[in-house]
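Q: The listed protein sequences correspond, in order, to chains A and B. Residue 19 is where the first sequence starts when you use our numbering, and the numbers rise one by one after that. Residue 1221 is where the second sequence starts when you use our numbering, and the numbers rise one by one after that.
Worth double-checking, as some hints may not be accurate.
[To be verified] Once the Cα atoms are required to be at most 25 Å apart in a straight line, the calculated DMTMM-like pairs of lysine to aspartate or glutamate come out as: (1) B:K1352 with A:E214; (2) B:K1352 with B:E1326; (3) B:K1352 with A:D88.
[Unchecked claim] Interface residues of chain B toward chain A, partial, derived using beta-carbon atoms under 8 Å: (4) R1232; (5) H1233; (6) L1299; (7) S1315; (8) A1329.
FYI, nobody ran anything at the bench for these hints, they're computed from the structure. Where is the CB? At the ideal position from N, CA and C, for every residue including glycine.
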Amino acid sequence: MNGVLLYARSRALPVTLAALAGTTAFAVWAADRMDTYLDPHRKLPLVALAPLLAAAVIGGSLHTASDELDRTAVRPWWPRRQAQLLGLTALAAALLPLAVLGDTPGFGPPAMIRNLLGCTGITAAAAAVLGARLSWLPAFGYVTAVYLASGGVRGRAVTVWAWPMQPGHEAGAWAAAGGAFLLGTVLYVVRGARPEGPRG
Amino acid sequence: MSTIRVTGLHVRHRRTVALDTVDLALGRGVHGLLGPNGAGKTSLIRVLSTVARPSAGRVEILGEDVGDPRRCGPVRARLGYLPQEFGYYPGFTVSEFVAYVAWLKELPAADTPAAVARAVARVGLADRADAKVRTLSGGMIRRVGIAQAIVNDPDVLLLDEPTAGLDPEQRVEFRALLRELGATATVIVSTHLVEDVAAACTEVTLLDAGRVAYRGTPASLSALGERTGPDGMGDNPIERGYSAALRAHRTGAEALR
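Sequences are here, hints too, so could you generate the full structure?
A: Structure (structure tokens):
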């Protein structure tokens, strides 16, 4: 009955790790089915959607069933929250680029990692503001909206607000996604997931 | 000697005043916290458990001012808390859940298995220690909640509606456990069941609309009920005393004792 293992199980980390592995496997499988794309080199759907799925999985693990009891813990929570969020993000950042290795100009590993950071940041912020169970929703809504709306739009601003659709070398997209990750991480680490249920 | 000292405690939930200038001093023993719905019982328990912060006032537990977050840690290690809804992890067994709380309380790892086994046995769940919590009945889950609250042998034990869902036999056993715990610790039990207070508590605090309406012993509350006679509201003296104390507080009457 190791305490750290119990903590990991309380946050459904075994299931989360399995889901992240499943997400990676799914992304690799989808990447190899080139005939599903109009352009055989087009990786944008993968680079936009796989990080979204991974962020949703990470968001689910931020849920705590015993928030009221957890708040009576002797040690402060922020180091554990930080370790959990950064650890899972690092793992996903190591796994997901496997799906876009090779000759994928613009939409290779850098874009995948950038989008993972952005989506995870939005999801972590949503966990702090809305609660972990709904944490996937804002990132899903934002990425879907940008995916549908950014096609054909030109200009400097689009590289920032449409960061999930930008090539990996766009500095503005990195700044936006990095800012979202920083903000979400700080919000979640400081406040934790918003309590759900009668006291939420 | 007081282990809990509350001075000028004020708690607001948005526009609602939950506790209004409450002063209390509580020492070793079992203290019953009575009052109608919305009286402020849960708000008081949550502040004492260090889960909620007061809007104003000072709360001292075991000699530490818990308004200072840096001083909460040592108090939490010596505190047990059963919230009204404590939540549990469906995949955990009874022992695992109690061990998880022991870990939150920083119990030494070497002592945890014995502490868990003892807490589980004290609530009569030794034969279900390896059962998943989700497979238990409502009353058993409540007992798991009590087990996690006592796993660290707390000096201050806060129980919010601990007997909800317990059958009569379990309630009688629980009262005996309360009396045992109250011999060495400060136990505060928030409840609607005045018969639990009569049977297990050494002192009674009655809250109404966020204020202390009455303080005394179960015997003094019963005596108040006796004075109102059989025409008072309630089926027994302590229920009549509860109703009379509330009525007196609401009409602003003084000197109940």
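Q: Does the closest beta carbon of chain A sit nearer than 8 Å to the beta carbon of A1329 of chain B?
A: Since the shortest Cβ distance to chain A is 7 Å, the answer is holds.
Q: K1352 of chain B and D88 of chain A: Cα distance at most 25 Å?
A: Roughly 20 Å separates the two Cα atoms, so the pair holds.
Q: Would you mind confirming whether the straight-line C-alpha gap from K1352 of chain B to E1326 of chain B stays at or under 25 Å?
A: Holds, at about 23 Å.
Q: Go through the hint on H1233 of chain B and say holds or violated, using the shortest Cβ distance to chain A against 8 Å.
A: Violated, because the Cβ-Cβ distance from H1233 of chain B to chain A comes to roughly 10 Å (cut-off 8 Å).
Q: Compare the distance between the alpha carbons of K1352 of chain B and E214 of chain A with 25 Å, and conclude whether the hinted pair is satisfied.
A: holds, 23 Å
Q: Closer than 8 Å between Cβ atoms is the bar; does R1232 of chain B clear it against chain A? Give me holds or violated.
A: violated, 15 Å
Q: Interface hint check: S1315 of chain B, Cβ to nearest Cβ on chain A, cutoff 8 Å. Holds or violated?
A: Because about 7 Å separates S1315 of chain B from the closest Cβ in chain A, which is inside the 8 Å limit, the hint holds.
Q: Restraint: L1299 of chain B near chain A, CB-CB cut 8 Å. Satisfied or not?
A: holds, 7 Å
Violation of the numbered hints given earlier is confined to hints 4, 5; the remaining hints are satisfied by the structure.
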